[in-house]
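Asks: What follows is the residue order along each chain.
2 protein chains.
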Amino acid sequence: MSARKQNNRNGNGSRNSLQVIPLGGVGEIGKNMFVIKYGNDMIVIDAGLKFPDEDMLGVDFVIPDMSYLFEHKDNIKGIFLTHGHEDHIGALPYLMKKIDAPVYGTKLTLGLAERKLGEQPIQKSISLKKILPGKTMQLGPFKMEFFSTNHSIPDSIGIVVHTPEGTIVHTGDFKFDHTPVSGKVADYNKLAELGNKGVLCLLSDSTNAERPGYTESDRTVGERLDEIFRQAPKRIILATFASNIYRIQQVINSAKKYGKKVGVVGRSMINVIEAASELGYLENVDDVVIDDIERVNQLPLEKTVLLTTGSQGEPMSALTRIATDDHRKVEIMPHDTVVIAATPIPGNEKLISRSIDNLFKRGAHVIYQSVSGVHVSGHGSQEELKMMLNLVKPKYLIPFHGEYRMQVHHKNVAEKLGMPSKNVFLAENGEVIEFNRKRGKVNGKVPAGKVLVDGLGVGDVGNIVLRDRRLLSQDGILIVVIGVDKQNKTLIAGPDIVSRGFVYVRESEELLEEAREHVVKAVNKMSKSKMNEWQAIKSSVKDVLGQYLWEKTRRRPMILPIIMEV
Amino acid sequence: MSARKQNNRNGNGSRNSLQVIPLGGVGEIGKNMFVIKYGNDMIVIDAGLKFPDEDMLGVDFVIPDMSYLFEHKDNIKGIFLTHGHEDHIGALPYLMKKIDAPVYGTKLTLGLAERKLGEQPIQKSISLKKILPGKTMQLGPFKMEFFSTNHSIPDSIGIVVHTPEGTIVHTGDFKFDHTPVSGKVADYNKLAELGNKGVLCLLSDSTNAERPGYTESDRTVGERLDEIFRQAPKRIILATFASNIYRIQQVINSAKKYGKKVGVVGRSMINVIEAASELGYLENVDDVVIDDIERVNQLPLEKTVLLTTGSQGEPMSALTRIATDDHRKVEIMPHDTVVIAATPIPGNEKLISRSIDNLFKRGAHVIYQSVSGVHVSGHGSQEELKMMLNLVKPKYLIPFHGEYRMQVHHKNVAEKLGMPSKNVFLAENGEVIEFNRKRGKVNGKVPAGKVLVDGLGVGDVGNIVLRDRRLLSQDGILIVVIGVDKQNKTLIAGPDIVSRGFVYVRESEELLEEAREHVVKAVNKMSKSKMNEWQAIKSSVKDVLGQYLWEKTRRRPMILPIIMEV
Chain A
1 MSARKQNNRN GNGSRNSLQV IPLGGVGEIG KNMFVIKYGN DMIVIDAGLK FPDEDMLGVD
61 FVIPDMSYLF EHKDNIKGIF LTHGHEDHIG ALPYLMKKID APVYGTKLTL GLAERKLGEQ
121 PIQKSISLKK ILPGKTMQLG PFKMEFFSTN HSIPDSIGIV VHTPEGTIVH TGDFKFDHTP
181 VSGKVADYNK LAELGNKGVL CLLSDSTNAE RPGYTESDRT VGERLDEIFR QAPKRIILAT
241 FASNIYRIQQ VINSAKKYGK KVGVVGRSMI NVIEAASELG YLENVDDVVI DDIERVNQLP
301 LEKTVLLTTG SQGEPMSALT RIATDDHRKV EIMPHDTVVI AATPIPGNEK LISRSIDNLF
361 KRGAHVIYQS VSGVHVSGHG SQEELKMMLN LVKPKYLIPF HGEYRMQVHH KNVAEKLGMP
421 SKNVFLAENG EVIEFNRKRG KVNGKVPAGK VLVDGLGVGD VGNIVLRDRR LLSQDGILIV
481 VIGVDKQNKT LIAGPDIVSR GFVYVRESEE LLEEAREHVV KAVNKMSKSK MNEWQAIKSS
541 VKDVLGQYLW EKTRRRPMIL PIIMEV
Chain B
1 MSARKQNNRN GNGSRNSLQV IPLGGVGEIG KNMFVIKYGN DMIVIDAGLK FPDEDMLGVD
61 FVIPDMSYLF EHKDNIKGIF LTHGHEDHIG ALPYLMKKID APVYGTKLTL GLAERKLGEQ
121 PIQKSISLKK ILPGKTMQLG PFKMEFFSTN HSIPDSIGIV VHTPEGTIVH TGDFKFDHTP
181 VSGKVADYNK LAELGNKGVL CLLSDSTNAE RPGYTESDRT VGERLDEIFR QAPKRIILAT
241 FASNIYRIQQ VINSAKKYGK KVGVVGRSMI NVIEAASELG YLENVDDVVI DDIERVNQLP
301 LEKTVLLTTG SQGEPMSALT RIATDDHRKV EIMPHDTVVI AATPIPGNEK LISRSIDNLF
361 KRGAHVIYQS VSGVHVSGHG SQEELKMMLN LVKPKYLIPF HGEYRMQVHH KNVAEKLGMP
421 SKNVFLAENG EVIEFNRKRG KVNGKVPAGK VLVDGLGVGD VGNIVLRDRR LLSQDGILIV
481 VIGVDKQNKT LIAGPDIVSR GFVYVRESEE LLEEAREHVV KAVNKMSKSK MNEWQAIKSS
541 VKDVLGQYLW EKTRRRPMIL PIIMEV
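Going line by line, the protein sequences match chains A and B.
Under full-length UniProt numbering, think of the first position of the first sequence as 1, with each following residue one higher.
Under full-length UniProt numbering, think of the first position of the second sequence as 1, with each following residue one higher.
It is worth saying that the hints were derived from the structure and are not from the lab.
Hints are not guaranteed to be accurate.
Heads up, the list lumps identical chains together, so a pair's fine if it works in one copy or across two of them.
With a straight-line cut-off of 25 Å between C-alpha atoms, the simulated DMTMM-like cross-links for lysine to aspartate or glutamate are [as the list claims (entries may be wrong)]: (1) K73 <-> E428; (2) K395 <-> D226; (3) K422 <-> E54; (4) K184 <-> D291; (5) K441 <-> E428; (6) K256 <-> D485; (7) K97 <-> E510; (8) K361 <-> E434.
A quick note: this is a predicted structure, and the numbers were derived from the prediction, not measured.
Let's have the full structure, built from the sequences with the hints guiding it.
Replies: Now the structure itself:
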């Protein structure tokens, strides 16, 4: 019996439906995760994390709510990773703690995923299986194929899921680069072949859907770097994303060409270069990279290049420390050329500007985004999205990897190519997009959302904790401690007032003393019977103090009365 | 005797020097304030505020440290305002509380300054004196002239200070717009005349010094708005800076042309339109603006335009509330066209994106910066900076109104025109740039810096308070209350542990109970004599608890032990 017939009907005799469920990555950039479900069988594409919004104070990162997967863990046939970036593999350790399915990916992706899994204590062995683009494999009702794409990390792929109900194509993150650093262009033939055979639904990258035209080739950056390497009077310090292996390769190429040696600064950069060379994704590393930064420092400055992290102005990163003269081994010298080869991630603009200002102040010449093209995006612009649509010719489109406005622009692009508006799903996380007899519709919702990771805590920081952190961050806290006699219910100690983050105490003694007197008065006014009711004392203290402080300062610190029975 | 001779020598017979002292606005954008001092006489140019950096938690805004002015209040001959923006007049109330000099400005600038002063309780009358560009005036040793400029608010001027030592020219904020909305181009003749006579030092706007080329004319925005007004199928909602009177005028013009009525939403927008029409800076207001928004809502949608605040995604602004369906009087309708006619101020990018996403979600068509030219900058780009330098031909340049990298780019521009590197001062706030016999040098420093305003408090939030707010915002606080017997020095109550912003308490009872036990153990371990030393108890509690919580959670909440003697 063919796979098609086997899965055509489920237990109760009704036709099996095909469902596509985003658990993360739609209406947002980050925490990518799609579920493809046919009958009871599921595969998962990507398991990414996301960096916290500015109002998620103290949170380290955010992962998808994966409870839907944990509930159906026995139905999961496999986890497929499109590439090795954090927003596609960062939630993997949290998924694999509770799931037993194998993890599929290309060589570099698996290499990075393995390191990622190694960071967390997981008490079991996880089966990591290598994907070869071009090969097919069968997994339950799913026939899987993979195609190479161009993105800012090698070994990126798109994923094709053939099901009895039709074919789903997931692009991964992609651009169409005709002159990529790796020399490997995307697999246009496979895409065209898929389009000819018929694709039911395309899930496509929307990051640059607001940008008209084409994204520039990585080749242009190589040319610009060459020019900088040729002209720099002394040392070059270049910061980029640790994960951008192509950019690192281009630096190595230019260094080799101009007879310079490369030192690497910053833990994550060193890790990635080690991993990538080990797996064969970086060339000529041994020719130019010198492990020991002290040895690089002994060479003539014009013969040296430092590759560093910190292109986003991250406060603890190598470049930020160098810029503030706070790095143990690297100090800015006059005539240093600093290149920031990265685009600011929205929200980081001010941090990066501060680094640039500090570098200029120490006498460096700084080359950065708004001045010169030392970085290009890894995501395709509108013309590339059109090309993908015209190659694959899907009946339906789900724009993913984009905030809502980007999804809308992606939809507009598809409509311009003739796709009916109703065939584009601007899905929300958790929404079930169901295909039945080749027709798609939204059919219900599964649990989905954000799980906040803070230190070792996964999900123990929620709205109440965040609200408190926000309040505390604005006007600080006033703690009022009152000792009450257990028997008599009378005030026998305090009130003591302690504040943090509210006013500079030494200059506000009078204010705090007057505040204390207000509390004493409020407590004394309460009848003895009421003194039994802690809640009543507490609200009375909060009211009196809150009003007094607002009048005097126009601030609203958190007020925390603590009553101690003695 | 001429003014020149009168002031040529001071009491002790030495030649008087001319000093230019930035108290704010160099190495930063915001809180603009320059002092020009000759002998003992001073004038002040601008008194602006700045919005807080993201690490100044809870701070409302920042003003310059003006203690230098307060110390020399009797020497101040006048305060001159270049235009009515907050970063040039926002600190005026704090200055005028302690200073008695008259305030000079053009009509609109004074109108806005007067409203600003009215917001603060100042127990005296302040003399506001109107400047007419083109006229000259003498103030002590200073002969003052003024020239019209183009900027994003009408009535902007540059200031010329002739002194016995030479002429200082302060550009204010400027661009060179050959087709301005007001019809009034900058006073090129005056600038050329100054250049012919000889200018000692130019203080020039550096905001767009990183941008090559010219800043587009405001006229281009008018044309684009016209197109949008012609094509919008239903209602138009347009958000811009309340202070951008030209943009408001352009909306009124287009509305008139296409027979639409304009409703105004947002308190600050209503205030500015009232002030500007009262003073004669807005035309045709009565023809198209309808005061009552309810009445506007009753018109056919295609006949209406709403002008709103909130172009920066400010959480409490009109547009943000409309976008989240939280506005009392305005609700997004299908086919609404929303235009965001403003550039994101660095740091606001994510807030604005969120508004755009929300508007799209409610079905509006949104036109915004990265898609279409509905806003242009009010500051000149590199070619305009060159034009200013070539007209005025100064011997020295002080780039202001720019972060350090912008000042550096401004310096590079000047060097390309042939100015020697040593004639450009990349000054810091407080630095005294002294001119003597036509030669300039940095000569010392006066007090300068940031004063944080939080509610009614001016300067009472300093580094310690901010550090505490930062700590509190990251991992919250744990308060440990311990009751100790006054006589016996023994633990008689508690320890009670209360936390806020640390973990969700209901799910972490076990953790907090165990934490309590650690505290009990630590306190009990202390010898009786030590129990007398509160400081020792407190550090012991902090150490034990800090270590325990780090191990269990990898977080570092603030730990605040409070000992109560009973």
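Asks: Hint by hint, note whether the structure agrees.
Replies: For each hint, the structure was consulted:
1. In the homo-oligomer, the alpha carbons of K73 and E428 lie at most 25 Å apart inside one protomer (22 Å), although the nearest pairing across protomers, at 62 Å, exceeds that limit.
2. With identical chains, the CA atoms of K395 and D226 are never at most 25 Å apart, being 45 Å at best within one copy and 38 Å at best between copies.
3. For a Cα distance limit of 25 Å, the shortest separation of K422 from E54 qualifies neither inside one copy, at 35 Å, nor across copies, at 42 Å.
4. In this assembly of identical chains, K184 and D291 lie within 25 Å of each other by CA distance neither inside one copy nor across copies; the values are 29 Å within and 63 Å between.
5. For the homomeric pair K441 and E428, the shortest alpha-carbon distance inside one copy (13 Å) is at most 25 Å, but the shortest distance between copies (62 Å) is not.
6. Within a single copy, K256 and D485 get their C-alpha atoms no closer than 80 Å, and across copies no closer than 75 Å, so neither meets the 25 Å cut-off.
7. In this assembly of identical chains, the alpha carbons of K97 and E510 lie at most 25 Å apart only when taken from different copies (23 Å versus 55 Å within one copy).
8. Taking the shortest Cα distances, K361 and E434 sit within 25 Å of each other only across copies (22 Å), while inside one copy they are farther apart (58 Å).
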